[in-house]
Amino acid sequence: MSVFALIDCNSFYVSCERVFNPLMEKQPVVVLSNNDGCVISRSDEAKKLGIKVGVPIFKIQDIVEKNKVIAFSSNYNLYGDFSLRVMASLTLFCPNIEIYSIDEAFLDLSTLTIADKTAFGNLIKTKVKQWTGIPVSIGIAPTKTLAKIANHLAKKSTKLNGVFDLTNPNLIDIALERTSVYDVWGIGRQYGKLLSRANIKTALDLKNADDDWIRKHMHVVGLRTVFELRGISCLSTKDAFADKKGICTSRSFGKPMEKQEDIQQAVATFVVRCAEKLRKQKSAASAITVFIMTNKFADGPKYVNSKTIQLPVATNLTPELIKYAMRNLKAIFRKGYKYKKAGIIITDIISESNIQQDFWDHIDRDKNKKLLKIIDHTNKSLGRDKIKFAAQGYNKKWKMRQEHLSPNYTTQWKDLLIV
DNA sequence: TCTGGGGTCCTAGGACCC
DNA sequence: TCTGGGGTCCTAGGACCC
Numbered sequence: 014m015s016v017f018a019l020i021d022c023n024s025f026y027v028s029c030e031r032v033f034n035p036l037m038e039k040q041p042v043v044v045l046s047n048n049d050g051c052v053i054s055r056s057d058e059a060k061k062l063g064i065k066v067g068v069p070i071f072k073i074q075d076i077v078e079k080n081k082v083i084a085f086s087s088n089y090n091l092y093g094d095f096s097l098r099v100m101a102s103l104t105l106f107c108p109n110i111e112i113y114s115i116d117e118a119f120l121d122l123s124t125l126t127i128a129d130k131t132a133f134g135n136l137i138k139t140k141v142k143q144w145t146g147i148p149v150s151i152g153i154a155p156t157k158t159l160a161k162i163a164n165h166l167a168k169k170s171t172k173l174n175g176v177f178d179l180t181n182p183n184l185i186d187i188a189l190e191r192t193s194v195y196d197v198w199g200i201g202r203q204y205g206k207l208l209s210r211a212n213i214k215t216a217l218d219l220k221n222a223d224d225d226w227i228r229k230h231m232h233v234v235g236l237r238t239v240f241e242l243r244g245i246s247c248l249s250t251k252d253a254f255a256d257k258k259g260i261c262t263s264r265s266f267g268k269p270m271e272k273q274e275d276i277q278q279a280v281a282t283f284v285v286r287c288a289e290k291l292r293k294q295k296s297a298a299s300a301i302t303v304f305i306m307t308n309k310f311a312d313g314p315k316y317v318n319s320k321t322i323q324l325p326v327a328t329n330l331t332p333e334l335i336k337y338a339m340r341n342l343k344a345i346f347r348k349g350y351k352y353k354k355a356g357i358i359i360t361d362i363i364s365e366s367n368i369q370q371d372f373w374d375h376i377d378r379d380k381n382k383k384l385l386k387i388i389d390h391t392n393k394s395l396g397r398d399k400i401k402f403a404a405q406g407y408n409k410k411w412k413m414r415q416e417h418l419s420p421n422y423t424t425q426w427k428d429l430l431i432v
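Oh and the first sequence: position 132 is 145 in the numbering used here, straight run, nothing missing.
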């Protein structure tokens with residue numbers, strides 16, 4: 014029988030911020046999205062105040078002030094580094110690991126002999142906290158979907174103390190009955206509504222649902238979820254380092270931008286980021302999309318547009334990609350709008366070693382490749398954008414609002430904590 | 001004043017082939 | 001009543017995840 018453990022960090026971003034600020038342990042803390050827009054991570058104290066995930070911070074200003082809620086800007090350098098530490102710790106307990114997201118990982122325990130799974134979970138929990146400072150919750154079950162539910166219950170229950178072993182078949186139906194169908198992994202808003210209308214309200218109802226009905230309305234993906242609830246494992250462990258099939262870099266601007274020149278600089282910077290990611294996984298792309306949009310919430314004229322171009326030769330060379338992106342931007346840019354967001358999407362990704370040459374290609378790709386290798390290396394050791402492309406400009410007018418940014422305690426010498 | 005930024009997988013349907 | 005029967009490839013759109 015298969016056995017999976019899902020390890021999920023509790024309020025991950027908030028927990029990262031708290032590691033170096035232990036005085037905040039009992040205080041309500043939230044972390045904001047890019048541009049200090051929405052709440053994306055909350056401490057238990059903040060959850061108790063009724064602060065919902067996704068709510069724009071300016072809409073809850075009174076709650077924040079009245080309860081002295083501490084807010085942080087997103088610091089992905091910090092969270093990324095803590096994530097690496099947590100995942101490295103988990104690998105010591107089970108090498109068969111799937112890193113599912115920045116704060117979650119599945120361990121495939123099927124081949125391990127573990128007498129007491131709850132004790133094993135508690136050991137992991139204690140050691141990860143001791144080594145990294147991050148609190149985690151653990152759910153153990155025969156399938157990934159059940160492990161998710163076990164994890165959810167472990168988080169909610171005070172009795173379980175953060176670890177729940179749901180491999181006992183007698184417990185499964187009881188657990189499913191207490192789980193809303195909306196809380197099942199793979200059931201989002203739309204399917205949740207659909208199932209509710211069909212009087213399928215709990216995870217147990219879903220487990221006992223009619224296969225043909227599920228197949229018809231939710232296709233094979235939905236049926237897989239149902240099978241998983243029945244203890245039949247349909248989702249195997251995936252390779253966490255598989256190459257990405259699409260790469261996107263986009264940002265909202267700190268303030269609305271009107272001039273084409275300013276947006277060009279932002280877009281060029283997004284291309285630089287995309288190309289870096291592309292080269293990192295040793296891939297090349299054959300299509301590039303540029304999109305721009307005005308603020309969808311504000312009054313005033315609105316405009317959204319995008320353009321995709323197919324490249325004659327798949328590439329990961331930044332200068333070439335910038336050239337195509339600028340051409341696309343020029344085609345869709347309209348004067349007289351206040352732009353709020355722009356982005357680059359790179360698709361049709363293939364391996365660098367499989368690039369099909371073009372007989373009439375006039376770019377010296379070897380020379381460019383050598384140059385970019387040096388630039389990547391320099392920027393990696395000296396800091397992002399130490400060497401940058403002229404198209405990126407110098408005065409980052411579009412820069413994000415980040416008014417509550419914490420130091421990079423673990424990745425910058427100058428931010429090292431002094432005790 | 002202020003509303004995030006990444007991803008994946010699947011299906012239906014159209015265009016085409018013999 | 002009957003209208004051939006197999007395929008492939010591509011794209012848009014919809015669902016989901018964190």
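No wet-lab data here; the hints were simulated from the structure.
Each hint should be verified, as a subset may be incorrect.
[What the hints assert, rightly or not] Quick list of in silico lysine-lysine cross-link-like pairs, BS3-like style, CA-CA up to 27 Å:
#, residue 1, residue 2
1, Lys351, Lys258
2, Lys214, Lys272
3, Lys81, Lys206
4, Lys293, Lys401
5, Lys382, Lys354
6, Lys214, Lys290
7, Lys257, Lys380
8, Lys293, Lys351
9, Lys320, Lys351
[Unchecked claim] Label-pair ranges, simulated between beta-carbon atoms:
#, residue 1, residue 2, range
10, Ala132, Lys386, 19 to 29 Å
11, Gln143, Ile322, 44 to 54 Å
12, Lys61, Thr104, 33 to 43 Å
Here the structure is a predicted model, which is why all the values come from computation and not from measurement.
Using N, Cα and C, we set each Cβ at its ideal position, and we do this for glycine too.
Quick rundown of the hints versus the structure:
no.: 1; hint: Lys351 x Lys258; in the structure: violated (32 Å)
no.: 2; hint: Lys214 x Lys272; in the structure: violated (52 Å)
no.: 3; hint: Lys81 x Lys206; in the structure: violated (37 Å)
no.: 4; hint: Lys293 x Lys401; in the structure: holds (17 Å)
no.: 5; hint: Lys382 x Lys354; in the structure: violated (31 Å)
no.: 6; hint: Lys214 x Lys290; in the structure: violated (42 Å)
no.: 7; hint: Lys257 x Lys380; in the structure: holds (26 Å)
no.: 8; hint: Lys293 x Lys351; in the structure: violated (34 Å)
no.: 9; hint: Lys320 x Lys351; in the structure: holds (19 Å)
no.: 10; hint: Ala132 x Lys386: 19 to 29 Å; in the structure: violated (49 Å)
no.: 11; hint: Gln143 x Ile322: 44 to 54 Å; in the structure: holds (52 Å)
no.: 12; hint: Lys61 x Thr104: 33 to 43 Å; in the structure: holds (34 Å)
This entry does not satisfy hints 1, 2, 3, 5, 6, 8, 10, going by the numbered hints stated previously.
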